[in-house]
Structures are given as structure tokens and as C-alpha cells.
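Undergrad: Sequence:
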Amino acid sequence: MKKFLRDNSLGLAFGLLFLLALIGQAFAGHADFNQQQLSEGLQPVSFGRYVTSASFAVDVTENWQSEYLQFFLYIFLTVWLLQKGSPESKELHKAGRESDKDQMVGRYATDTSPAWSRVGGLRQALFAHSLGLVMGAIFLLSWLAQSISGVAAYNEEQLANLQDPVSWSRYLIEPDFWNRTLQNWQSELLAVTSMVVLAIYLRQRGSSQSKPVGAAHAATGVEG
1 MKKFLRDNSL GLAFGLLFLL ALIGQAFAGH ADFNQQQLSE GLQPVSFGRY VTSASFAVDV
61 TENWQSEYLQ FFLYIFLTVW LLQKGSPESK ELHKAGRESD KDQMVGRYAT DTSPAWSRVG
121 GLRQALFAHS LGLVMGAIFL LSWLAQSISG VAAYNEEQLA NLQDPVSWSR YLIEPDFWNR
181 TLQNWQSELL AVTSMVVLAI YLRQRGSSQS KPVGAAHAAT GVEG
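Numbering-wise, full-length UniProt numbering puts 191 at position 191 of the sequence shown, and it's gapless, one number per residue.
Hints listed in this document are in silico derivations from the structure and should not be mistaken for laboratory results. Where hints are given, some of them may not hold.
Unchecked claim - Between beta-carbon pairs, the in silico distance windows are:
1) L141 x G96: 28 to 34 Å
2) Q183 x L38: 25 to 31 Å
3) S208 x G15: 15 to 21 Å
4) L22 x V45: 28 to 34 Å
5) L144 x T78: 38 to 44 Å
6) S46 x L122: 47 to 53 Å
7) V45 x G15: 46 to 52 Å
8) V45 x G24: 15 to 21 Å
9) A216 x A13: 42 to 48 Å
10) V45 x A13: 31 to 37 Å
11) G11 x G48: 25 to 31 Å
12) Q186 x L144: 19 to 25 Å
13) L82 x I173: 33 to 39 Å
Said to hold, decoys possible - Straight-line Cα separation of at most 30 Å, DSS-like style, residue types lysine-lysine; simulated pairs:
14) K84 x K94
15) K84 x K101
16) K90 x K101
For each residue, glycine too, the CB sits at the ideal point set by N, CA and C.
Generate coordinates for the entire structure from the input sequences, incorporating the hints supplied.
TA: If you want it as C-alpha cells, here you go:
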């Protein structure tokens, strides 16, 4: 058990932090929602009803889609785009898809290489792009979920204000949808930009996301 916890500590720690944050969001969101209900002269709702509501679903999914958009863009753009001096970038001479030898595919695969890296054709092509494709798929699905839960929450407000509800397709061009979407996109893209640039000049000893403390500022693609 100790070996399992050590070997998987990063994933387990972030998974636990995610669950704690989601639970915290649920309780805080429930309290905030009921405050709004009371201020509008409406009855408060139970915790169970809130966490199954469109209001909670849209708040969760709008953050999920922006996170996976960040990963999707970063995975694909870092194939070709470089940042001199950043450990978040590949080395300057490695822009592009790289050679089969560098990527250890086909006849360059080793005994420990995944099976699909040894074969050619469609299976190797899918495996070679599987990380970006899965991240992109999760982004699209969570964005779809945001739009569906968003239109439900939006129409609840419309009806409460004695206004006509809108269709899903109409909601996709409403300011509410794009405000929710873009406020998350800009924050994620700012965070990535900050990490790429600040890691050129700043260090965190022992972190895989930082260069070694004594590495030159111009050293690129080097991790500590």
C-alpha cells in the first residue's frame, strides 16, 4: 500500500483536492442560491435539490470545459510552437512531430513500448494523437453539458421574471452563454501564459515544472 500511495501520490492528491473543492462548491453554492431565493421572496431549496439543479450543473461544467480547452490547446500547440528559456516548451530544435526514432515508434519501439506504438496504420496514428483527442472530446462534451444546463438555468430565470424561455439554439447566441464561457477561457489562457513566461526566469527547486535552480535562463525544455 505504501508503494502504491507513493507511486500514485500526485494523481491521488489532486483527485482528493478536486473532490474537496467540488463538495465545498456544492455547500457554498447551496447557501448562496438560498440567499437569492429568500431575497426574491421564494422558498429555499434542499441541498439534494440544489446539487441536481441546472444552476449547480452549469456552474460546474463551465469550469470543466475551460480547463480541458486549456489542456487541448496546450497539447497541440506545443507540437509546433516554442518558447525560448521555458521548461514548458520543447527544445528549440525539436519543433514539429519529430522523427520515429525520437518518438520510439514502429521499428524504433522498445520492449516496454505500448503495443500500439509498435504497429503502423490507423492504430498507431490514433495512439500517437490519443491524449489531445481525448482532451478535445472531454472539452466538447463538457461545453455541450454547459450549454444544456445553462439554457435550463437561464429559462428558470426567464420564467421567474415573467419572460419567455428560449430554445437551446437561441441560447447559444445569448450573452449569458458567452459571458460564462469567455470569462473562464480568458482566465485559463492567462494562467498558461504566466506559467510559460515566468518559468523562464523563476525556479521551484525539485519541481518537474521548473528548470534546475542553476540552469541558465535561456535553457529550453529542461526540467528539474
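Undergrad: Does the hinted range 33 to 39 Å hold for L82 and I173 at CB?
TA: 37 Å, holds
Undergrad: Hint check: K90 vs K101, CA-CA at most 30 Å. Holds or violated?
TA: 16 Å, holds
Undergrad: Can you tell me whether the CB distance of L144 to T78 sits inside 38 to 44 Å?
TA: 26 Å, violated
Undergrad: Take the C-alpha atoms of K84 and K94, compute the straight-line distance between them, and say whether it is at most 30 Å.
TA: 12 Å, holds
Undergrad: Holds or violated: K84 and K101, Cα atoms, limit 30 Å.
TA: 24 Å, holds
Undergrad: Mind checking the hinted window 31 to 37 Å against the Cβ distance between V45 and A13?
TA: About 33 Å separates the Cβ atoms of V45 and A13, which means 31 to 37 Å holds.
Undergrad: Return holds or violated for the Cβ distance of G11 and G48 against the range 25 to 31 Å.
TA: 30 Å, holds
Undergrad: Given a hint of 28 to 34 Å, does the C-beta separation of L141 and G96 actually sit inside it?
TA: At roughly 29 Å between Cβ atoms, G96 and L141 fall inside 28 to 34 Å, so the hint holds.
Undergrad: Check the following: the C-beta atoms of V45 and G15 are separated by a distance inside 46 to 52 Å.
TA: Violated, since V45 and G15 (Cβ atoms, about 29 Å apart) do not stay within the stated range.
Undergrad: In this structure, is the beta-carbon distance linking Q186 and L144 contained in 19 to 25 Å?
TA: 21 Å, holds
Undergrad: Could you tell me whether the CB distance from L22 to V45 stays inside 28 to 34 Å?
TA: 19 Å, violated
Undergrad: Return holds or violated for the Cβ distance of A216 and A13 against the range 42 to 48 Å.
TA: Taking Cβ atoms as reference, A216 and A13 lie about 31 Å apart, which means the hint is violated.
Hint violations for this structure: numbers 4, 5, 7 and 9, all remaining hints satisfied.
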